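Residues per chain are reported as follows:
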Amino acid sequence: MATATAAHPDAHAHEDPQSFVSKYIFSYDHKVIGVQYLITSLFMMLIGGALAMAIRTQLAWPNSGVLKADSYLAAISMHGTIMIFFVLTPALIGGFGNFLIPLKIGARDMAFPFINMLSYWTYVVSIIPLLASFFVPGGPLSGGWTAYPPLSALRGAAPGSGLGQDLWLLSIAIFLISSLFGSLNYLTTILQMRVRGMTFWRLPLTVWSLFIASVLALLSFPVVTGGALLLLLDRIAGTSFYVPAGLFLGGQLVDHKGGNPLLYQHLFWFMGHPEVYIVILPPMGMVSDTLANFARKPIFGYKAMVVSMLAIGVLSFLVWGHHMYVTGMHPMLGTAFAAMTLAIAIPSAVKTFNWMATLWRGKIYFSTSMLFSIGFISLFTAGGLTGIFLGNAALDIALHNTYFVIGHFHLVMGAAALFGIFTGVYYWFPKMFGRMMHEGMGRVHFWLSLIGLYGTFFPMYILGIGGMHRRIFSFEAFGYITRMHDINIVITISAFMIFIGGLVFAYNLIWSLTHGPNSADNPWRATTLEWSTPTPPPHGNWVGEVPAVHRGAYEYSVPGAKDDYIPQWVTPQKAGVVTEH
Amino acid sequence: MTTQTHGHGRPPGTDAGHAHGGGYAGYATTWFYLLAITLVEVAIVEAKAWFGLDLPAFMRIGSLIALTVLKAGLIMAYFMHLKFERRSLVLILLVPIVLLVLLYVMILPDAHTFRAVNPGMKEGAGPSHGTPTHAPAPAATPRSGH
Amino acid sequence: MAEAVSSVEAGTETSREWRGGVSPFGLSWGKLMMWIFLLSDAFTFGGLLTAYAIARSSVANWPPQLEIFGIGLVTTMTFILICSSATMAVAVQAAKASDHRRVERFLIYTIVGGIIFLGFQAYEWSHFIHEGATLSTNPWGVPAFSASFFVVTGFHGSHVTSGVIYLGYVLLRVRQERMAMEAWRNPLRDRNGRRIDVGARVKLLSKPQAPESTVETVNVRNDQVVALVPGKATNDAETFPASAIKVVEEAPEPPMPVDHFTRSERVENVGLYWHFVDLVWVFVFTLMYLI
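Chains as they are written, first to last, in numbering that gives the first Met the number 0: chain A, 0 to 580; chain B, 0 to 145; chain C, 0 to 290.
To be clear, the hints were calculated from the coordinates, so they are not data collected in a lab.
Hints may be right or wrong, so weigh each one.
Claimed, not checked - Distance windows between CB atoms, simulated: (1) C:His129 with A:Tyr23: 50 to 58 angstroms; (2) C:Ala59 with B:Val97: 23 to 31 angstroms; (3) B:Ile96 with A:Lys561: 46 to 54 angstroms; (4) C:Gly167 with B:Ala46: 37 to 45 angstroms; (5) B:Ala35 with A:Lys22: 56 to 64 angstroms; (6) A:Gly249 with B:Ala46: 47 to 55 angstroms; (7) A:Ser63 with B:Pro108: 42 to 50 angstroms; (8) B:Thr28 with C:Gly153: 30 to 38 angstroms; (9) C:Glu181 with B:Met58: 53 to 61 angstroms; (10) B:Val97 with A:Arg470: 46 to 54 angstroms; (11) B:Val97 with A:Leu384: 43 to 51 angstroms; (12) C:Gly153 with A:Arg470: 29 to 37 angstroms; (13) B:Leu38 with C:Pro63: 18 to 26 angstroms; (14) B:Pro108 with C:Glu130: 31 to 39 angstroms.
On a predicted model such as this, the values are computed, not experimentally measured, just so you know.
Yeah, the Cβ is synthetic: ideal placement off N, Cα and C, and Gly gets one too.
Working from the sequences, and respecting the hints, build out all of it.
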């Protein structure tokens, strides 16, 4: 068991790795693992993005022959799976979680470095069956990223329901294990390894958000592990957990009897909805940190921010049914889930208003990271407000499965989370590699992304209300939709703008790695603990003692102080000012 | 760092030695109660055969669940030492369990709707049954979500 | 925060402030991780048991499971698992009291209990399969009946199996550490009562005029000392009983072997896992067999 390694939680913390392999490949160092996670997920983002471009090309020019009906379904399913499970989750939780948690709480490494390394490599292994499914007969799964039965449970139901679906299940199962390893590590590290003085109410919001996201992952993923196990048995062992009786497939009566397909949807969304918050909470935390820094103001309502994140965390477990209003779910449940869903708007609004109040009358410095942070608020609001529409059972019956839904969740968890990742990369790149990123290219990247994302997803609301249904590869037969065809072309052109923006970002990363100006230890004049390390931090993070923490994470523009920021590690005597946190 | 780690091994104030857990005798008591409750559970189930008592279903199921929770509580409190850990740990461990109850409660109505409309179940009574002639029920057709 | 302000004014950290490095729950790292893992695992079982409960509620005619399962057999299985949980608790208590031999004995009892439980389960499964139950069909009615039985008890059984392996591993480590500790406490001594440790300079009593040699390894249990014989090739060592040599110069006393055992954490962690397996069975027993 895992505890075998627990006897020496950080026995490796002091041995400097020697060889290239132990330094960069099978490294125990949380910083290396974090960067590995980031690079791998950015690579996956390229694949997921390319699929998105193919999908958009198909929708704008249905006769271009980019995709066929079958491969279109496979493309949307794989795009969803890759972006959610293999880009956003690992980049935010695995990448930034690994890199930032120990640095921000003053730990020399994670609590269990070996399990940490295992977590990354399990993630890499989980990618293999997923990508392999592109090359098997029938292609990858084509029942959507949610893999609802009976499409996913019956082997002949769709082209991708054969080997492709098996590989998908295998890949997700391995990914869930990797995520469990990660969560165990993050929670133990945050609970046990904070440095002297780092109380819970002094934690930077990034750490809080990662903590809550880890709890969500810890509790929600195992339920779908059970659900996926039953799906696998339905597929390979002939059980009937999800396949109802009396189903005909290709004119043949299916042998299964007695299953309840709604059960899978319930189990899946019990994980699926917290998953949305797993990918949006860490960006919320990171953006809080960067907004306070670049506005040179303390974050507005620190405790309200923490409490609202906790509230979002709890509520996220109680709203899964709002994905299922039109499945034939019991109407009483629909009412309960709708009430819970609307309640979740309250903590979300608290956060949004607090961010705005943080910006209010700040000395704002528009670095690329700051631009992406402000963009995050904008996208989150534009996407989140339509969530109130969809959370209403009565409205959702009309809007469900239209492009309104696509626009909503792409803005609120896709685009916003993506902006969170970009914020983080531009902000912490100097700490990761010791070089600054190119601001000019960053700005190009930002404007291409912002205009592209709005141009892509905002018109989708109109398409959705107009009745354009999702998961249909060509609308040539639907006269009322072909009339809106120009909008589809605009969306596709905008989508290509995002992709080009992404390429600019990739080039910027490579250029900055080799040509970026060298960074100081604390280039943003920030207050949190990771900026007290040398840049880039050595193995073990701090040379000599880890500095103790004397104050909260947001001491910007303290009246009477000589600098406009007082880092957490500066003693009260040196700061010369009494602070309240 | 390594020595510091060993320091973490047993933080001050948590030295759970003889003072806690009531020693070996305490475990014997817990063990005895667990076995006794198990016997009571079996007796409730077999009440009709053993004592000619025909308990109504709600009493049978209610008492069984109550006894199971009691057993679980005994194991967690004494065998897993939760009674001697800090209150915050107990709360943090118990609160998520409420979620599991909610998971069941929030799906249950669907199971009953399903039972009402599922065509396969009417023939499903016997060990071998013929071909269902009904068309698939509306509720049995899943639609994609978001 | 009030105490923070006062600490700033005083220029020092007050004792109420977070000192870092220790847990808010007063737990060690490994134990906290075990608790977190068990919480996660509880949700896996929770998902499966919910699926079973929903599958059961979704049909009108669930087979009368009491007549199908042998209630005597299952009750015996429950008894055995509870007993093994009790012996595990004793082992944990003994570990805390540093009663090393009792730990080993009770770990063995626990392992035996786990193996007997698995044997009963194997018997129950084979009996069940013999009567015609498979994952996809069974002679008593809805297929979900046997399918959920196999899935839930199988998943629990796999936990028992990994628990037995985990217990065996802990037993092995506990034993190794006890022997290392005993060897350190009671080293071999020569006639004059001087310690014979690795690196000690010794003379052979049988050849008093031969030059000194160095102790290479010491085997306390077999009362054997391996020493280099001077003048021969380096790898040419010979084995002597402790009584055959005389220590000329003691080696510096070796440090105490790292005593994980006194911290008892390894036994406590496996204990938590094992009790959790028992805890799950308590629910499986009621929900699967009784209700």
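Right, here's what the structure says about each hint:
no., hint, verdict
1, C:His129 with A:Tyr23: 50 to 58 angstroms, "holds (56 angstroms)"
2, C:Ala59 with B:Val97: 23 to 31 angstroms, "holds (30 angstroms)"
3, B:Ile96 with A:Lys561: 46 to 54 angstroms, "holds (52 angstroms)"
4, C:Gly167 with B:Ala46: 37 to 45 angstroms, "holds (41 angstroms)"
5, B:Ala35 with A:Lys22: 56 to 64 angstroms, "holds (60 angstroms)"
6, A:Gly249 with B:Ala46: 47 to 55 angstroms, "holds (51 angstroms)"
7, A:Ser63 with B:Pro108: 42 to 50 angstroms, "holds (47 angstroms)"
8, B:Thr28 with C:Gly153: 30 to 38 angstroms, "holds (33 angstroms)"
9, C:Glu181 with B:Met58: 53 to 61 angstroms, "holds (58 angstroms)"
10, B:Val97 with A:Arg470: 46 to 54 angstroms, "violated (36 angstroms)"
11, B:Val97 with A:Leu384: 43 to 51 angstroms, "violated (31 angstroms)"
12, C:Gly153 with A:Arg470: 29 to 37 angstroms, "holds (36 angstroms)"
13, B:Leu38 with C:Pro63: 18 to 26 angstroms, "holds (22 angstroms)"
14, B:Pro108 with C:Glu130: 31 to 39 angstroms, "holds (34 angstroms)"
Going through the hint list in order, the structure does not satisfy hints 10 and 11.
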